[in-house]
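Engineer: Following the hints, complete the assembly by docking chains B, C, D, E and F onto the known chain A.
Protein chains: 6
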Amino acid sequence: MKFIKDLKNGDRIADIYMCKHKLSATTKNGKEYYSVILQDKTGTVDAKVWEPGSGGIDEFDAPDCIDVFGEVTSFNGALQVNIKRARKCGEGEYDLSNYLPVSSRDNDVMFKELLGIIDTIENPYLKKLLQEFFVNDKDFVELFRKSSAAKTVHHGFIGGLLEHTLSVTKLCEYYCRSYPMLKRDLLLTAAICHDIGKTRELSLFPINDYTDEGQFLGHIVMGSEMIGEKARKIEGFPELLKQELQHCILSHHGELEYGSPKKPSLMEAVALNLADNTDAKMETFTELLQNITAPGWQGYNKFFETNVFDTRL
Amino acid sequence: MKFIKDLKNGDRIADIYMCKHKLSATTKNGKEYYSVILQDKTGTVDAKVWEPGSGGIDEFDAPDCIDVFGEVTSFNGALQVNIKRARKCGEGEYDLSNYLPVSSRDNDVMFKELLGIIDTIENPYLKKLLQEFFVNDKDFVELFRKSSAAKTVHHGFIGGLLEHTLSVTKLCEYYCRSYPMLKRDLLLTAAICHDIGKTRELSLFPINDYTDEGQFLGHIVMGSEMIGEKARKIEGFPELLKQELQHCILSHHGELEYGSPKKPSLMEAVALNLADNTDAKMETFTELLQNITAPGWQGYNKFFETNVFDTRL
Amino acid sequence: MKFIKDLKNGDRIADIYMCKHKLSATTKNGKEYYSVILQDKTGTVDAKVWEPGSGGIDEFDAPDCIDVFGEVTSFNGALQVNIKRARKCGEGEYDLSNYLPVSSRDNDVMFKELLGIIDTIENPYLKKLLQEFFVNDKDFVELFRKSSAAKTVHHGFIGGLLEHTLSVTKLCEYYCRSYPMLKRDLLLTAAICHDIGKTRELSLFPINDYTDEGQFLGHIVMGSEMIGEKARKIEGFPELLKQELQHCILSHHGELEYGSPKKPSLMEAVALNLADNTDAKMETFTELLQNITAPGWQGYNKFFETNVFDTRL
Amino acid sequence: MKFIKDLKNGDRIADIYMCKHKLSATTKNGKEYYSVILQDKTGTVDAKVWEPGSGGIDEFDAPDCIDVFGEVTSFNGALQVNIKRARKCGEGEYDLSNYLPVSSRDNDVMFKELLGIIDTIENPYLKKLLQEFFVNDKDFVELFRKSSAAKTVHHGFIGGLLEHTLSVTKLCEYYCRSYPMLKRDLLLTAAICHDIGKTRELSLFPINDYTDEGQFLGHIVMGSEMIGEKARKIEGFPELLKQELQHCILSHHGELEYGSPKKPSLMEAVALNLADNTDAKMETFTELLQNITAPGWQGYNKFFETNVFDTRL
Amino acid sequence: MKFIKDLKNGDRIADIYMCKHKLSATTKNGKEYYSVILQDKTGTVDAKVWEPGSGGIDEFDAPDCIDVFGEVTSFNGALQVNIKRARKCGEGEYDLSNYLPVSSRDNDVMFKELLGIIDTIENPYLKKLLQEFFVNDKDFVELFRKSSAAKTVHHGFIGGLLEHTLSVTKLCEYYCRSYPMLKRDLLLTAAICHDIGKTRELSLFPINDYTDEGQFLGHIVMGSEMIGEKARKIEGFPELLKQELQHCILSHHGELEYGSPKKPSLMEAVALNLADNTDAKMETFTELLQNITAPGWQGYNKFFETNVFDTRL
Amino acid sequence: MKFIKDLKNGDRIADIYMCKHKLSATTKNGKEYYSVILQDKTGTVDAKVWEPGSGGIDEFDAPDCIDVFGEVTSFNGALQVNIKRARKCGEGEYDLSNYLPVSSRDNDVMFKELLGIIDTIENPYLKKLLQEFFVNDKDFVELFRKSSAAKTVHHGFIGGLLEHTLSVTKLCEYYCRSYPMLKRDLLLTAAICHDIGKTRELSLFPINDYTDEGQFLGHIVMGSEMIGEKARKIEGFPELLKQELQHCILSHHGELEYGSPKKPSLMEAVALNLADNTDAKMETFTELLQNITAPGWQGYNKFFETNVFDTRL
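Chains as they are written, first to last, in the working numbering: chain A, -4 to 308; chain B, -4 to 308; chain C, -4 to 308; chain D, -4 to 308; chain E, -4 to 308; chain F, -4 to 308.
Bound conformation, chain A alone (with noise of 0.2 angstroms):
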């Protein structure tokens, strides 16, 4: 396949590119055009459909993944695709990996993963609130496994808040065994639900932008309230269990300055906000030296707060 990153000028292309976004437009002249948004993972490039009416352009919208035909020229000092022919795929035609940020985990094993370690909560109040998520409520799993954890930052592929939970989880179950105060059932039931509200928080691919309860609500205000909610459905779970439950949701931010409306009062509380914070940072940093093209110091970076060094040793 020809990536969009590696595309010039006077380039012929056939190949299957997903289609971002479709406008009908008028020229100038008062003819009818398409004005189009190709992507795949490397990036996107305009297109023009000049004969929209012509016999090879199919019907097609985003975010259909269309084969195309095409010229490419340059405009304006940008790329853009003159298309010839547009052809709407079926399912198995392509692989969607191709098109958009996915985990380079198995989504499967990862969801295996995390529902094994449901298994293993004892308390039954706890634990039939995870399967009222995790195994009987089938929307939410499938939102669940496909979102990403964030709009850029950290995680931000699908699968990614699947990816993200079960590394924050396991990493907090390390913690249940080095201190052993921590009460094991609660810490991993707010582990594993610590992010649920990002199921609503964000809209999924191709999109992947805060929907508007994400930016009224948020979602540690939405998740607590998502765990509220059912909680409320389980008979006899007991009301300081699901307070206790829902203030490790609402403090795992750690601090109000970062949007959470409560400091960590629990000590599992205080644990979810130190494993969130690490695999956040220990991602990031990943996702960083993953993506650098030339060694030593990257200049500086935002999150980080100050110039970063890919180590040698």
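Among the hints, erroneous ones may be present.
It does not matter which identical chain is used: a pair holds within one copy or between any two.
As the list claims (entries may be wrong) - When the alpha-carbon atoms are kept at most 25 angstroms apart in a straight line, the in silico BS3-like pairs for lysine-lysine are as follows:
no.	residue 1	residue 2
1	K26	K3
2	K297	K178
3	K(-3)	K23
4	K178	K36
5	K(-3)	K276
6	K23	K0
7	K3	K23
8	K178	K165
Everything labelled a hint here was simulated from the structure, so no lab data went into it.
Structural biologist: Just chains B, C, D, E and F, lined up with the frame of chain A:
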């Protein structure tokens, strides 16, 4: 009535006081006695019942009001009442406002005024939501009318939540007249509901202290969740409207570091934060001026972070 | 009238515009020409007079309004007016509000309202002080009525200072009714005078930029000094009252880091800060909503430090 | 002389002390007595005159110096002087520096040095301004020479304002020699005037406390206003020069949060802030080292925000 | 053994306590006596030897353990032991952990575990460096094993530095397994060495207080310098590797305001900061929970900056 | 000499410039060419050698000075030199100060002045330490005299470190005369050594950029370590004196957030911080005023965090 702040060593008392706290204990010699704290609106005083089994001592407990006969002595530099007789009083025998701080404004009048404002809301969903709380939910109404708005700072008295809510709401009405871009229905609904979470954050008088869920979740998140629950039960309640309303509640402290998980994104949310802040500061300064004992400079005030002065003119 | 924001390449214009800036220059070939910036209330456009000595070109300079005949061309991607004829207009020929931002409220009406409030002040010294400024000092009155309240943010238009002052003063009147501990005479006098230093901090339109003394001293200190000077000339003006009034001016930004050399120590000073802040935020959001081009999320707003949204309902 | 810090239970005293405070009161038995506080430079002690009408007790009041004959007793764990005889002293009988903190440097010598620097100013307007304050305004000169520079921190003694002013001015002279871009006349004038507002911010000893206008306006704004007034009376004083000078005064605390309404915009304003800060810190550390009782680590110091140590070498 | 916290007025004691402090003094009547502070792990108590020359009083001094026979009296509201006989004990007579706080984990076991991790380092220079400290430098090893990790907060006991170091190192081992971009040799070496400067920043128990160089330089800079010195003595130690390792030490507090002169620029430096922070918080909360006396809310905690609660479940 | 800032399209040049950067590249047609950056003290310009193999092109590389013959053309809106001939120059052919920024003060004179101050140190250990650096360590002396004091801000030129050090030291001498509690030997030694770490933090001109160890460790820690090393080699150097001196170096930035791992605990450390800060600000403002092109307001200055003005008078 002889108020506690006026008691002196050697006084005899024969008056009704509230029992704030009562504990059975044993002297070194193995004799049982009661350790009691008596309270009225002017303060508290330690008291002892050395002869619990004697004839004149009724069964009583906090927060009963008891008719006390006893002597004031001095012990280790502090006053102590030696209780000789104690009789538990019935509801009609005393005026509660002598024992607990109560709003100076009539509760019925204030509540009627609030209901009058609710009547003016035009949006049917918002009006229905308000009625569900303030008309149909009797338990809520009782709590709301008795609650204070704070443990220690402004409006820390019975009826304080109602008084503060009404004051904020009327200030928002003024804003609507002055700044026509404001959506009156949304702003007034948000104003009326902005502190409803306080009915669960603080326990009622005479305790008036933070509850567990108050500490774990806080009135901001609880208030938003209460609105979410009620709205879900109103058929057809527009999703975006619900989010806008919840956003106003969540952001009404104005800054993340003041415990709001979101900063205000709507003009109404900004207005609510201003009205809440204005009433808090005006009431705090009013209470401060009402309690000064000498004119002039009042020393450093932690709330206003400077020395304060009672304006001459 | 054809507004500048609507000009297109190829247009011919024959309308009155304000000359914002004019410069004589020489082409590479040694020919003199004028480089001009034309302005109306919708924006500015570059213009050239290539034949300054030709018959149709009057003597003119900034900030004259000139009747222009010319052609709109495109140069380096920006529009440019080629001025063929230019005639300097007299005062009656144009409506200034087409060329400069002006308050949407009538200046006479607003000023009369302000004078009406001054009439209600009972303290003779404060009333006299206000009259010295707003009745007897004609130069001050003219400046005050024409001034904007800011260079870029809220109320940045002719009459803005008057509009903002009136709005703050009326909000303070509302406070006085709601919070009876406030001394009305002091608060309203302080409100009316709080930004008088802006008459010297900013030059008038069309420049509307900081003056030297504005940058060196600032309107807070200048306003306080102006009050001090006037008060010294009023026989018997009580020294403490003068200090309280100046204190309200000095502290009206509320925090040292916002440029107030003192934090508010008086209830009236606290109230003035709240009213000023409220009007600033409400007007800023109003102007923002008046200028949006598409509904929904308006992106990050620096003043409110968050994404803003135009409320649906 | 027997200093107050050395008094012990059982001592007899026959020495001159300053009366800091005197109050007539009545014992429970209805007998009149005087409650007095005696002071010398080493501290204060409570005292009582139990027989005000007896022969040996003169009329006296704060801040008289009185020749006391009496006995030191212990009451409630604190020392108390039982005054038997008290005679009001005349001015020549005592050395004021035994009773109030006084600069260790000779006031006349320092003031002459300051006048000598004023003589070197070349700009006629600045020189005239300085002479108006320091030569022609006798009341100001007397206040200026007696004032302390602070209530509690550095230079908190009679003559402290003069000593601090001179030290800052001479440091600025050094700067002028090292950094030739500095305008000497402006910098030295600003240095000499930078704290003149303190003559009104603090009352004189023995009170040495903030005045009303000190708390309402502060010495920074008052100093700027004093300069403005004097400059207005000097014919032809250049407006811009006045503003530059006032700006140096207003900005000499360097940061808004330290009470300066403007940050320094001129090189001379930056220099003045540095000189003021340097002298404040050096004098504070000097006073600290002069008062230590044991060598080594002196514990946490609030001003320097760290543990301090007296340098060995 | 009768612990100090259980002593009551009137008790007789005949037990071994540590002498924390001893001073010879003279009574008002000129008689010599000893003023002593006795200590065990539960607290301290004042004690007096009124007859130092009498037969039963051995020569002893801090920090000897002495076998005391005496009586507990009450003086000025505090307990005081009147020592009748005092015998200095030999090393075998008492269990030091009764007198000083000691890690609950076996020192030999922990140190062996640390040496085992050092064995797994593959880089020859880093391994050699670790061996120079932890195998060949006997003085260092003794200090390191006895040191506490803090004066007051977490791990403030004998062996605390070893326990904290081991815990941080093992957490870093977990990170290496989870985040493969981390260079294990660098991270584990940095973890093992991160607090070695504390061997010189704090004196050993029973004093456990900051040394002069601890206050002047701090353990961060001292630790970095110690590594620099050792590395210079290892032939061929790569310069860049030395800098990377020192950088990890210097930046391990994560932020400049926490005393790190550099922020972490390497992924390993970020990881070390996270591990150190995690262990500090988990151990602090563990110690807090181990010391609570009543369940529920534990009040405001300065370290966690919020109210804390012992999790129920 | 024709300076780079004066080059215009169409110029011919025949002058010596420094080669700042040189790269071999290949045109689309496969022809080799050189891409070069030429530099003098007024700026840099791109240049190309299109015929590297032609007779007139010497071998050269950065940072050689080369005698260039060529033409100035305009490419994409920027100037470009087409190099026809290029000859590498020998050391005597050019004046380095035309190509690199150099202190305006004579290096020998400044260094002699510094040595003169070293001669006045009385403490034998401090004097020996200074001589070890500034007399006996020839490599250090050469580096120290050539180094700049900064990459971009004040004293960013050859000799800048020496000039800044001398200026700070002389200011400290002034302090010693004004504040006699200061220990002169310690303060002057600390002043002379305070920035010696900069000899390793920044590489020499023409690069003048941060080194690896500069970024990893910083000049503060490196300077302290350099002193520690030298002091250890001087027999009998008092341990406490070494710590006091290192403390002055470590704390000379004054605040943790400015990169000092300790705040100043000694009067000399406070003084050094003040002197360093004073010289930095005075030199920065001096350089700013030397580079202004139009009088009056110079716009916002990031270093001084406000608008700056060139003082008129």
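Engineer: Hints numbered earlier in the text: which of these fail when held up against the supplied structure?
Structural biologist: Structure breaks hints 4 and 5.
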